[in-house]
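Chemist: As given, the protein sequences belong to chains A and B, one line each in that order. For the first sequence, counting from 1, position 21 maps to 21 in my numbering; every step adds exactly one. For the second sequence, counting from 1, position 22 maps to 1022 in my numbering; every step adds exactly one.
What the hints contain is simulated information worked out from the structure, not anything from laboratory work. Don't take each hint at face value.
[As the list claims (entries may be wrong)] Between beta-carbon pairs, the in silico distance windows are:
hint, chain 1, residue 1, chain 2, residue 2, range
1, A, Arg-138, B, Glu-1220, 52 to 58 angstroms
2, B, Ala-1029, A, Leu-106, 54 to 60 angstroms
3, B, Val-1107, A, Gly-35, 41 to 47 angstroms
4, B, Val-1146, A, Glu-33, 20 to 26 angstroms
5, B, Asn-1138, A, Ser-126, 50 to 56 angstroms
6, A, Arg-138, B, Asn-1113, 57 to 63 angstroms
[Claimed, not checked] Here are the computed lysine to aspartate or glutamate pairs in the EDC-like style, where the Cα-Cα straight-line distance is at most 16 angstroms:
hint, chain 1, residue 1, chain 2, residue 2
7, A, Lys-14, B, Asp-1218
8, B, Lys-1104, B, Asp-1129
9, A, Lys-76, B, Asp-1218
10, B, Lys-1048, A, Glu-19
11, B, Lys-1048, A, Asp-60
12, A, Lys-74, B, Asp-1216
13, B, Lys-1151, A, Glu-13
14, B, Lys-1048, A, Glu-33
15, B, Lys-1034, A, Glu-19
[Claimed, not checked] Chain B regions said to be covered by chain A (calculated; three or more residues, Cβ under 8 angstroms):
hint, segment
16, 1094–1104
17, 1146–1160
18, 1229–1243
Ideal Cβ positions, reconstructed from N, Cα and C, are used throughout, including at glycine.
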Amino acid sequence: MKEKILLSIITPEKVYLSEGKVDFVALPAFGGEMGILPGHISFVVQLKDGFLRYSSGGEDEIFAILGGFAQIDKNKVMVLAEGAELTKEIDEEKARQEYQKAKDALSIKGADIDLDAAQAALRRSSLRMKVLELKSKRKKKK
Amino acid sequence: MASLRDIRRHISSVKSIKQITYAMKMVAAARIKKAQNKILNSRPFAEKMEETIKNLYMEMEEEDFNRSPAFKLFEKQDKSNVGVLVIITSDKGLCGSFNVNVLKRAVLWLKENKDKETKVIAVGKKGRDFCRRLKGLNLSMPYELVGIFPKAGYAHAKLLAENIFKLYENEADSVTVIYNRFKSMMAQEIICNKFLPLKRRFLEFQNEFGENKLSDFDFEPAKSLLLSSLLPRYVKAQIYKILLESQAAELAARMNAMEAASGNASDIIEELTLKLNKTRQAMITTELNEIVAGAGALEG
């Protein structure tokens, strides 16, 4: 049997995936995307906001990842992210609205808005938008 | 003596109080399950994080570590006269001694550190209002976080942690947290912990097998950079855990308090009903007496 990677995706709020068997993982690493196949050398890598792709049995899955790091150890990949979201679960309309809202909040620059919170919201929602774009591109290809 | 109508009115008011307390108890009981699950869900992340940080630390040379930006989370070089106190309370009352205990401990801490300037970070309305009422102390409140319970998420922990870091980097030399720990459904425990600087001890553990797991690992970026980006995350995960503990403890405290209150209301209702019946009986007896006496007088 072909070797598989055991992938775990863990965030503080939820364990998304616990040692799921996959064939290939692409991580949004600090210095650029990093692809991992079975037999990869041991590695600890910091992640930035971006997409985590993996394929298992010919099926592709995309996660949106918000910062964190990953540890690769003997075909075990452990992703510790601050936030993760399965692309399938992102509501397109809601994401668009949130993105607009966050942008508006930042452009007002009123005295009483919470700048940190607004920036964080923008960061989250812009990532979601990117994921959606990627998804629609892939659909067209097919 | 109270009239029948007064007693009836009293009974109905106690009954409606009982309804409310009972409903609150049920709500707390339903939420506590969720809160406990959240604690369980946050555990794997914190554990793995700790493991990696420890391994990474073992990999580093002492000098490299002392020069890395992460070092200042462990030891603050310049002593200042400012301390940060984080008080975690609830937003709502009716949860027994939950808030009182935390605030008592906070007052004790303030007394112990009288000669220091204190910056309070209040989580929860009760703590915030309490600190606003305090006067004549060398105290200020640069940040507050209210309205997060019972839906505290990692985003809140992050926000809180970033504000704590800001204070710690710029002025304060220590951060203390006071909160309720969820011990069991029946009991909470007040914890008063020095949060920052982090204890060195936590790193100085030996791997059970005496060997380092990460020894043949590659790193991107370099180890010291990696460690300094991991440590704040670790702290955030810790804060998240504390928030969740406090949240669960609050619900447990409320559940117990409301259960006791419902029980007391039932007792009062019982007593009042007894009183009502006695009064009614007494009235009937007097009336009968009067009739008999009246009839006797006519016959005579």
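Chemist: Examine the segment 1229–1243 of chain B: at least three residues should have C-beta closer than 8 angstroms to a C-beta of chain A.
Modeler: holds (count 6)
Chemist: Checking C-beta pairs, does the segment 1094–1104 of chain B have three or more residues closer than 8 angstroms to chain A?
Modeler: Since 0 is below three, the answer is violated.
Chemist: When you check the alpha-carbon spacing of Lys-1034 of chain B and Glu-19 of chain A, does it fall within 16 angstroms?
Modeler: 25 angstroms, violated
Chemist: Do the Cβ positions of Asn-1138 of chain B and Ser-126 of chain A conform to the proposed distance bound of 50 to 56 angstroms?
Modeler: 43 angstroms, violated
Chemist: Check the hint pairing Lys-1048 of chain B with Glu-33 of chain A against an upper bound of 16 angstroms on the C-alpha distance.
Modeler: 23 angstroms, violated
Chemist: Does the Cβ distance between Ala-1029 of chain B and Leu-106 of chain A fall inside 54 to 60 angstroms?
Modeler: Violated, at about 41 angstroms.
Chemist: Quick check on a hinted range of 52 to 58 angstroms for Arg-138 of chain A and Glu-1220 of chain B, using CB atoms only.
Modeler: 27 angstroms, violated
Chemist: Given the hinted pair Lys-1104 of chain B and Asp-1129 of chain B, is their alpha-carbon gap at most 16 angstroms?
Modeler: Cα-Cα ~14 angstroms, so holds.
Chemist: Would the hint linking Lys-74 of chain A and Asp-1216 of chain B be met if the CA-CA limit is 16 angstroms?
Modeler: Judged against 16 angstroms, a Cα distance of about 11 angstroms means the pair holds.
Chemist: Just to be careful, I want the Cα atoms of Lys-1151 of chain B and Glu-13 of chain A compared with a cutoff of 16 angstroms; is the pair within it?
Modeler: 12 angstroms, holds
Chemist: How does the Cβ-Cβ distance of Arg-138 of chain A and Asn-1113 of chain B compare with 57 to 63 angstroms: does it lie in that range?
Modeler: Once the Cβ atoms are compared, 58 angstroms apart, the range 57 to 63 angstroms for Asn-1113 of chain B and Arg-138 of chain A holds.
Chemist: Between Val-1146 of chain B and Glu-33 of chain A, does the C-beta distance stay in 20 to 26 angstroms?
Modeler: 41 angstroms, violated
Comparing the model with each earlier hint shows violations of hints 1, 2, 3, 4, 5, 7, 11, 14, 15, 16; every other hint is respected.
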